[in-house]
Amino acid sequence: MTQPVNSSLSRRDARRREQVAVFSIAKYSFVISAASVQEIRNTDSLGGTVVELNHPVLRKVRHIVERDARSYYVVSGYEHFHLPPSRPTTVLILRDAPVAVLVDRIEEMAEMRVLLALPQSFRGEERTWYRGLTVLDRKVLPVANPLGFLTARELQQIEEQNPGLLESASMRKERERV
Amino acid sequence: MNAETNSFVPSFVVFHVGARRVALSRDIVAELIASPFQYSFPHTTPLIASVVLRRGRIVPVLDLGPGILGAASPPARFFLVVERRLSNISERCAIPVQGECELVAGMMLPAAGQDEFVAGRLDLNGEQIDILDLEKAIGASAKMEEGLIPVAEAKS
Numbered sequence: 001m002t003q004p005v006n007s008s009l010s011r012r013d014a015r016r017r018e019q020v021a022v023f024s025i026a027k028y029s030f031v032i033s034a035a036s037v038q039e040i041r042n043t044d045s046l047g048g049t050v051v052e053l054n055h056p057v058l059r060k061v062r063h064i065v066e067r068d069a070r071s072y073y074v075v076s077g078y079e080h081f082h083l084p085p086s087r088p089t090t091v092l093i094l095r096d097a098p099v100a101v102l103v104d105r106i107e108e109m110a111e112m113r114v115l116l117a118l119p120q121s122f123r124g125e126e127r128t129w130y131r132g133l134t135v136l137d138r139k140v141l142p143v144a145n146p147l148g149f150l151t152a153r154e155l156q157q158i159e160e161q162n163p164g165l166l167e168s169a170s171m172r173k174e175r176e177r178v
Numbered sequence: 001m002n003a004e005t006n007s008f009v010p011s012f013v014v015f016h017v018g019a020r021r022v023a024l025s026r027d028i029v030a031e032l033i034a035s036p037f038q039y040s041f042p043h044t045t046p047l048i049a050s051v052v053l054r055r056g057r058i059v060p061v062l063d064l065g066p067g068i069l070g071a072a073s074p075p076a077r078f079f080l081v082v083e084r085r086l087s088n089i090s091e092r093c094a095i096p097v098q099g100e101c102e103l104v105a106g107m108m109l110p111a112a113g114q115d116e117f118v119a120g121r122l123d124l125n126g127e128q129i130d131i132l133d134l135e136k137a138i139g140a141s142a143k144m145e146e147g148l149i150p151v152a153e154a155k156s
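Chains as they are written, first to last, in my numbering: chain A, 1 to 178; chain B, 1 to 156.
Any given hint might turn out to be false.
What the hints assert, rightly or not - Residues of chain B placed beyond 10 Å of chain A at every Cβ, according to the derived structure:
| id | residue |
| --- | --- |
| 1 | 10 |
| 2 | 84 |
| 3 | 128 |
Stated by the list, open to error - Partial selection, computed: residues in chain A whose CB lies under 10 Å from chain B:
| id | residue |
| --- | --- |
| 4 | 29 |
| 5 | 33 |
| 6 | 80 |
| 7 | 114 |
| 8 | 129 |
Stated by the list, open to error - Beta-carbon label-pair distances, calculated as ranges:
| id | chain 1 | residue 1 | chain 2 | residue 2 | range |
| --- | --- | --- | --- | --- | --- |
| 9 | A | 68 | B | 34 | 36 to 42 Å |
| 10 | B | 83 | A | 161 | 45 to 51 Å |
| 11 | B | 33 | A | 95 | 36 to 42 Å |
| 12 | B | 37 | A | 157 | 36 to 42 Å |
| 13 | B | 103 | A | 132 | 46 to 52 Å |
| 14 | A | 16 | B | 108 | 30 to 36 Å |
| 15 | A | 128 | B | 34 | 30 to 36 Å |
| 16 | B | 55 | A | 17 | 50 to 56 Å |
| 17 | B | 109 | A | 17 | 52 to 58 Å |
| 18 | A | 16 | B | 89 | 21 to 27 Å |
| 19 | B | 19 | A | 44 | 31 to 37 Å |
Calculated directly from the structure, the hints in this document are not laboratory data. Note that the structure is a prediction, hence the values are computed from the model and not measured. The beta carbon of each residue, even a glycine, is placed where N, CA and C say it ideally should be.
Just chain B, with the same shape it has in the complex:
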């Protein structure tokens, strides 16, 4: 199904985190950026690898690899800029993605697996793709990384 031909069917951005193909609702995806310059500085928040400067705004880079793959994502050239909901504000963050992204339309089906960060699944020509709950995926990754790294220091 083509995303642009049917506005009543929700759209999703399908992308790779490492080898795993996952999807996010199109509504929270702002843009895809290539090879941004990344800056790092000391901090103690798990999961934030660096920040990028985008249109005068500071955008933290959050790696979903620890939660989704169980390990940090491989180095990425592309970053998906998404909108996070943090209590009563929204904030953009960048997720490193591997390979190509696709915009697809389809109905969200009930989640099949046990991962709590999976909100549902998408049937893409027979391939079952997990649709992420962004905040839960960030939470799971942060929890995983906290367990892996005792002293958090910004990666360079």
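For reference, chain A alone in the conformation it holds in the complex:
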């Protein structure tokens, strides 16, 4: 006879799960929702055109990359998290923001089962950087907020100082395709 399903296990299984990519920058690992990433590319194989910003207003953003008729601000992961310079080999092209994030490497794809709130004792930029914390392989890892790499205010700042650059890069690419 089939044993009834253990209620605690079924409750555990019914919890919302999320596919995530685990990436590293310098000596730290981070998690990001796979749904928020459109592409993960090696920086060498990215192709497309890299355009330098006329007026870089943020240390972490100096270039735009064009990809499939869309343009993205390239955010340096180590500058974003205030880490020592690292060697980015991978770029995460985000889905819902005009942002491509340079990271050192992808460690793995995994399933996130729990998202814990960042304790209130944390009061700094990390409240924008992270959606919360998770536990993977018995390690506590921060879950990156895809909209935290460039906030609406930072986007506005860049666009004010480099008017029309993002659109013109996309349009140029589109014309080339036609």
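Could you slot chain B onto chain A? The hints should help.
Relative to chain A, chain B alone:
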């Protein structure tokens, strides 16, 4: 005086931060944990050295050394888990402590020194031990650490 024999006398947990012996009200001390695994990640909040995972909860580790000693505490094996009051919520954090902790009962006497994070003092067999105001001690440590480290990065 024994803490368990007189429930009308307040109790305090006496512990070491570096070489300095201080006390906290027993009411805000949840537990003492030994050698927890610590995790660190980038952040910009002063004072938080790492976090520990305790009973499914994330507990930030706050070093009181900068405020109390004027320098970071030496590496610790034991951590005192205490309850912080943050506006309208309470949250647990872990304080690295050196050596043994004691639970003692006694009356809080007026503070003698100038440190604003000292709420009072305890006379323990002639030894005067400062009783900390936890939030002020955290504030003083954070202020001190902010001055010491221009770019805050989680310690590993």
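Holds or violated: is the Cβ of residue 80 of chain A closer than 10 Å to a Cβ in chain B? holds (9 Å)
Take the C-beta atom of residue 68 of chain A and the C-beta atom of residue 34 of chain B, compute their distance, and say whether it sits inside 36 to 42 Å. Violated, at about 54 Å.
Exclusion check [residue 128 of chain B not at the chain A interface, CB over 10 Å]: holds (30 Å)
Does residue 129 of chain A pass the interface check with chain B, least Cβ-Cβ distance below 10 Å? Residue 129 of chain A check passes; min Cβ-Cβ to chain B is 8 Å, inside 10 Å.
For residue 19 of chain B and residue 44 of chain A, compare the CB-CB distance with the range 31 to 37 Å and indicate the outcome. violated (54 Å)
Distance restraint evaluation - residue 103 of chain B, residue 132 of chain A, Cβ atoms, bounds 46 to 52 Å: Violated: the Cβ-Cβ distance is about 35 Å, outside 46 to 52 Å.
Taking 30 to 36 Å as the hint, is the beta-carbon distance of residue 128 of chain A and residue 34 of chain B inside that range? holds (35 Å)
Could you check the hint for me, namely that residue 16 of chain A and residue 89 of chain B are 21 to 27 Å apart, CB to CB? Once the Cβ atoms are compared, 24 Å apart, the range 21 to 27 Å for residue 89 of chain B and residue 16 of chain A holds.
Quick check on the hint: residue 33 of chain A CB to chain B CB, less than 10 Å? For residue 33 of chain A, the interface hint is violated, since the closest Cβ of chain B sits about 17 Å away, which is over 10 Å.
Within 30 to 36 Å or not, the Cβ separation of residue 16 of chain A and residue 108 of chain B? violated (48 Å)
Classify the label on residue 10 of chain B as holds or violated, using whether its beta-carbon is more than 10 Å from each beta-carbon of chain A. holds (26 Å)
Range first: 52 to 58 Å. Now tell me if the beta carbons of residue 109 of chain B and residue 17 of chain A are that far apart. holds (55 Å)
Checked against the numbered hints above, the structure breaks hints 2, 5, 9, 13, 14, 16, 19 and satisfies the rest.
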